[in-house]
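Chains as they are written, first to last, in our numbering: chain A, 2 to 524; chain B, 2 to 451.
I should point out that these hints are in silico values taken from the structure, not numbers from a laboratory. Treat the numbers as computed from the prediction; the structure is a model and nothing was measured. Ideal Cβ placement from N, Cα and C applies to all residues, glycine included. Among these hints, one or two may not hold up.
One-sided and incomplete, this derived list gives chain B residues near chain A with beta-carbon spacing under 10 Å [claimed, not checked]:
#1 Glu94
#2 Ala252
#3 Gly275
Over 12 Å on every C-beta distance to chain A, these chain B residues come out as not near it, computed from the model [claimed, not checked]:
#4 Thr152
#5 Gly161
#6 Asp188
#7 Asp204
#8 Lys232
#9 Gln369
#10 Ala372
#11 Asn425
In silico lysine to aspartate or glutamate, EDC-like type, Cα no more than 16 Å apart, as pairs [claimed, not checked]:
#12 A:Lys115 with B:Glu49
#13 A:Lys189 with B:Glu323
#14 A:Lys463 with B:Asp394
#15 B:Lys448 with B:Asp394
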Amino acid sequence: MADQSQGRSNVPQGGSQAPATQTISGSKGLEFAEPLIFEMGEDGRTGVDFEDVHVSDDRLGGLRRKDTVGWPGLSEPQVVRHYTRLSQKNYGIDSGFYPLGSCTMKHNPRVNEKVARMAGLGDLHPLQPISTVQGALELIDTLAHWIKVMCGMPAVAMSPAAGAHGELCGMMAIKAAIQDRGEADTRKRVLVPESAHGTNPATAAACGFSVDSIPATEQGRVDIEAFKAKLGDDVAGIMLTNPNTCGLFENDVIEIAEAIHDAGGYFYCDGANFNAIVGRVRPGDLGIDCMHLNLHKTFSTPHGGGGPGAGPVVLSEALAPFAPVPYVIHDEDGYNMVEHEADSDAKPFGRLKGNHGQMGVFIRALAFMLSHGADGLRQASTDAVLNANYLRAELQDIMSVSFDGMCMHEVLFDDAFLKDTGVTTLDFAKAMIDEGFHPMTMYFPLVVHGALLMEPTESESKETLDLYIHTLRELTAKAKAGEADMFKNAPVLTPRRRLDETAAARKPVLRWSPLEPQAKAAE
Amino acid sequence: MRYLPHTDEDRQAMLKSIGADTVEDLYCDVPAKALLAEPVDLPSYAGEMDVEKTFSNFATKNLSPGCAPTFLGAGAYRHHVPSSVDYMIQRGEFLTAYTPYQPEVSQGTLQYLYEFQTQVAMLTGMEVSNASMYDGATATAEAVLMAGRATRRNRAVLAGGLHPHYFDVTKTSAKFLDIELVHPDSDPTHPALPESVIDLIDDKTSCVVVQTPDVFGRVIDLRPIAEAAHKKGALLVAVTTEVVSLGLLEAPGNQGADIVAAEGQSIGNALSYGGPYVGLFATRSKLVRQMPGRVAGETLDVEGQRGWVLTLSTREQHIRREKATSNICTNSGLCALAFTIHASLLGEGGLNRLARVNHANACKLADQLAAIDGVEVMNETFFNEFTVKLSKDASDVVEALAQKGILGGIPLQRLFPDRDDFANMMIVACTETNSDADMDTLVSALKEVL
Numbered sequence: 002m003a004d005q006s007q008g009r010s011n012v013p014q015g016g017s018q019a020p021a022t023q024t025i026s027g028s029k030g031l032e033f034a035e036p037l038i039f040e041m042g043e044d045g046r047t048g049v050d051f052e053d054v055h056v057s058d059d060r061l062g063g064l065r066r067k068d069t070v071g072w073p074g075l076s077e078p079q080v081v082r083h084y085t086r087l088s089q090k091n092y093g094i095d096s097g098f099y100p101l102g103s104c105t106m107k108h109n110p111r112v113n114e115k116v117a118r119m120a121g122l123g124d125l126h127p128l129q130p131i132s133t134v135q136g137a138l139e140l141i142d143t144l145a146h147w148i149k150v151m152c153g154m155p156a157v158a159m160s161p162a163a164g165a166h167g168e169l170c171g172m173m174a175i176k177a178a179i180q181d182r183g184e185a186d187t188r189k190r191v192l193v194p195e196s197a198h199g200t201n202p203a204t205a206a207a208c209g210f211s212v213d214s215i216p217a218t219e220q221g222r223v224d225i226e227a228f229k230a231k232l233g234d235d236v237a238g239i240m241l242t243n244p245n246t247c248g249l250f251e252n253d254v255i256e257i258a259e260a261i262h263d264a265g266g267y268f269y270c271d272g273a274n275f276n277a278i279v280g281r282v283r284p285g286d287l288g289i290d291c292m293h294l295n296l297h298k299t300f301s302t303p304h305g306g307g308g309p310g311a312g313p314v315v316l317s318e319a320l321a322p323f324a325p326v327p328y329v330i331h332d333e334d335g336y337n338m339v340e341h342e343a344d345s346d347a348k349p350f351g352r353l354k355g356n357h358g359q360m361g362v363f364i365r366a367l368a369f370m371l372s373h374g375a376d377g378l379r380q381a382s383t384d385a386v387l388n389a390n391y392l393r394a395e396l397q398d399i400m401s402v403s404f405d406g407m408c409m410h411e412v413l414f415d416d417a418f419l420k421d422t423g424v425t426t427l428d429f430a431k432a433m434i435d436e437g438f439h440p441m442t443m444y445f446p447l448v449v450h451g452a453l454l455m456e457p458t459e460s461e462s463k464e465t466l467d468l469y470i471h472t473l474r475e476l477t478a479k480a481k482a483g484e485a486d487m488f489k490n491a492p493v494l495t496p497r498r499r500l501d502e503t504a505a506a507r508k509p510v511l512r513w514s515p516l517e518p519q520a521k522a523a524e
Numbered sequence: 002m003r004y005l006p007h008t009d010e011d012r013q014a015m016l017k018s019i020g021a022d023t024v025e026d027l028y029c030d031v032p033a034k035a036l037l038a039e040p041v042d043l044p045s046y047a048g049e050m051d052v053e054k055t056f057s058n059f060a061t062k063n064l065s066p067g068c069a070p071t072f073l074g075a076g077a078y079r080h081h082v083p084s085s086v087d088y089m090i091q092r093g094e095f096l097t098a099y100t101p102y103q104p105e106v107s108q109g110t111l112q113y114l115y116e117f118q119t120q121v122a123m124l125t126g127m128e129v130s131n132a133s134m135y136d137g138a139t140a141t142a143e144a145v146l147m148a149g150r151a152t153r154r155n156r157a158v159l160a161g162g163l164h165p166h167y168f169d170v171t172k173t174s175a176k177f178l179d180i181e182l183v184h185p186d187s188d189p190t191h192p193a194l195p196e197s198v199i200d201l202i203d204d205k206t207s208c209v210v211v212q213t214p215d216v217f218g219r220v221i222d223l224r225p226i227a228e229a230a231h232k233k234g235a236l237l238v239a240v241t242t243e244v245v246s247l248g249l250l251e252a253p254g255n256q257g258a259d260i261v262a263a264e265g266q267s268i269g270n271a272l273s274y275g276g277p278y279v280g281l282f283a284t285r286s287k288l289v290r291q292m293p294g295r296v297a298g299e300t301l302d303v304e305g306q307r308g309w310v311l312t313l314s315t316r317e318q319h320i321r322r323e324k325a326t327s328n329i330c331t332n333s334g335l336c337a338l339a340f341t342i343h344a345s346l347l348g349e350g351g352l353n354r355l356a357r358v359n360h361a362n363a364c365k366l367a368d369q370l371a372a373i374d375g376v377e378v379m380n381e382t383f384f385n386e387f388t389v390k391l392s393k394d395a396s397d398v399v400e401a402l403a404q405k406g407i408l409g410g411i412p413l414q415r416l417f418p419d420r421d422d423f424a425n426m427m428i429v430a431c432t433e434t435n436s437d438a439d440m441d442t443l444v445s446a447l448k449e450v451l
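Chain A on its own, in the form it takes in the complex:
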């Protein structure tokens, strides 16, 4: 088990190729041996100054806290230095190329951060009088307008907090529409292609639907015959990702839409990959009933190591009445908000989130849209597709491209090119880290064995792509030349070497604890 005091020890960090250099601090060069925050500090220190006021127990209902919280005491410089050091153990899109397929790591412009922090935007309270937030509501309405025009859809629900939350919103709208038709007891099956994101089946289940999987063709697309064979009057809808997780456009999409509508079901599209087609294809023209947008991906808001995101959902005429509360309305008196189901002229299925949406993300996404404009967004998606196809063209002679033909904004390879080399997909990815690149997405989608999904995005220059291509060609040559040991050993130039994920899951240690016996033993 872990040595809790290790952060303060003088065990050198990182690489093992060179002989370990012992230092008194444990740090090496500009790489820091940073302990946990709980292993630092002293009682009596603080990083925030407050007056030491006396309070009586009169109004606390006899429930004054008796134990200590246990947070360590640190000064401001200690805290700043701690988190600066932690940041230096991280790789972000500002650090370099991040071709993580399906995640869309594009440039995060700083003007977005600046405008999100403007007084009068960043500090508004969600329950201020409507008369005092006319600019905020206008902002939300403007963003909604841009989304509706780009998607060719009549309505958008703004409140979902993330992509998966948007899926939930879309599927709840479908469920509500089916209930409204009086078919809730019969239409309980949702069709989900094999290549779908794992959130799709989980979302369908969270709405009380059963999930029926549709196989993929050898061309990496929905098997339309298998799909049609599954249609029936017990089908609520289909959840399709387009462009799909193999990086391909579902060329039968219009036929799929017509067939599901003929069967009385609705067409949910996972719009996680909308960035491939912005300004070139409107989902509304494809017959889609609802689609979530990952604002943080398509319109570049920083993901901060896991979130937050925002997942507005565009809706067809058929589903628009079921959009959740709250929503913004506009009339001659200005902007207003419908906050309660009972106040709505439509049939909202309920409420999804504490307030009315991820305003901080909206601001950044709208700034990104305005910065590009209609012309720039169209050029951005085209460049994203161009970059992915360039990688495909320049790598297909050495790596095994999974599907022939043009790809969209991401390109899928599989690990057939590593056969008999002794190098696994994971090994290959870890070797890329030592070459200064963040690896691509591995082992997803599940439709191909040993998937390597690369998404360069429109932010990357030809020079960056050429260096990346050169690096992958060199690594592939090394793998084929029998240098498997180098791959097995990688990464070596990182703050930590390969981490034991199995042990972490088998005996989870999810927090630091002052009482852990191993910590005491180590002291």
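Following the hints, put chain B in place on chain A, whose structure we already have.
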């Protein structure tokens, strides 16, 4: 276009490598009738200066709480965020990182998530925490779903003092999954009696959800409710919208809570007109595999050095698909980082002092308001917000105060639209950001308005 690096020469060279004549060839799989020939009908690109102007124009049409005496709470609180928090979260290595799928180059993210989990567990008095959720309301809904899985029961009792947004979000999740919700009426005119909740607990109850301080500001004693719930095999879900209160009030974990769902916005995060916020979710170790959301865990690397990874992913949607514990696939990473940095700056002493200043200011304001003719303070107990009954319609009063540049409170009917008996009541919150001058301004304005 300043964000796009390609020159036309680059594009031509790349098309040549691909073997395509034009970019239209790249979209050959799109049905021809669905392919747009021209850009959509929206404005053209704008320079950085123009973008800033556009947002300045939006901002000037709002009344900023930073420029007005502000007494708004009810789930979102205006606290001071130290400058170093905002500075640190804007470091590109944090700001522009994705989910830590490659732990060797994501130790910064993973370590701060582990620190966040520890801080949340300590604050709530629980054993484990996840790496955050969308917000307090969605965390509460997930807690109810989790309690259903853990107890294999489908009837949840939600106490009347639960924030109506939290109730509504839970109701939305529940109605698609045939979970029954029992929700007694709320009444701030009486002391918060645990009996009204306890009487509803039966052998089919999966959990009891109790907010403290509740939406009216009252401090609720969870201990008798926990005892009654456990006696019937049900879990206690404790909800907190104002986590600064835990610097002064008994932690829910020490009062018998099995799950804590809370809003973490108060620590490190701006009001941001309602989002993004950071949902806190903590529970007992024995329930950890039922817990939704991401978690970071400790492990060792091949050299035996301590490090962190995302773990327990076997509960998640990408492995269990339709059998997953929830459909959630992300967390509020950056908001959690802001929480963690602010919490580290506060430390034990800072948190306690912050909580005391909040409570002292609220007590001072409550006493001043109670002295006004036409104002009655309803609460016997509170932390930093309370409900007042006015001699006039609260919505009108709040609007009249807004016209004077004061954000004076939240009319209860904004949250409870069908409760006509709440028409004259409003919720008033006080934090460390309220000066004596702010309070004087509110008091004299109220005297004029009433």
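Results for each hint:
no. : hint                   : result
1   : Glu94                  : holds (4 Å)
2   : Ala252                 : holds (6 Å)
3   : Gly275                 : holds (3 Å)
4   : Thr152                 : holds (19 Å)
5   : Gly161                 : holds (17 Å)
6   : Asp188                 : holds (17 Å)
7   : Asp204                 : holds (24 Å)
8   : Lys232                 : holds (21 Å)
9   : Gln369                 : holds (15 Å)
10  : Ala372                 : holds (16 Å)
11  : Asn425                 : holds (17 Å)
12  : A:Lys115 with B:Glu49  : holds (11 Å)
13  : A:Lys189 with B:Glu323 : holds (14 Å)
14  : A:Lys463 with B:Asp394 : violated (64 Å)
15  : B:Lys448 with B:Asp394 : holds (14 Å)
The structure does not agree with numbered hint 14 stated previously, though it agrees with all others.
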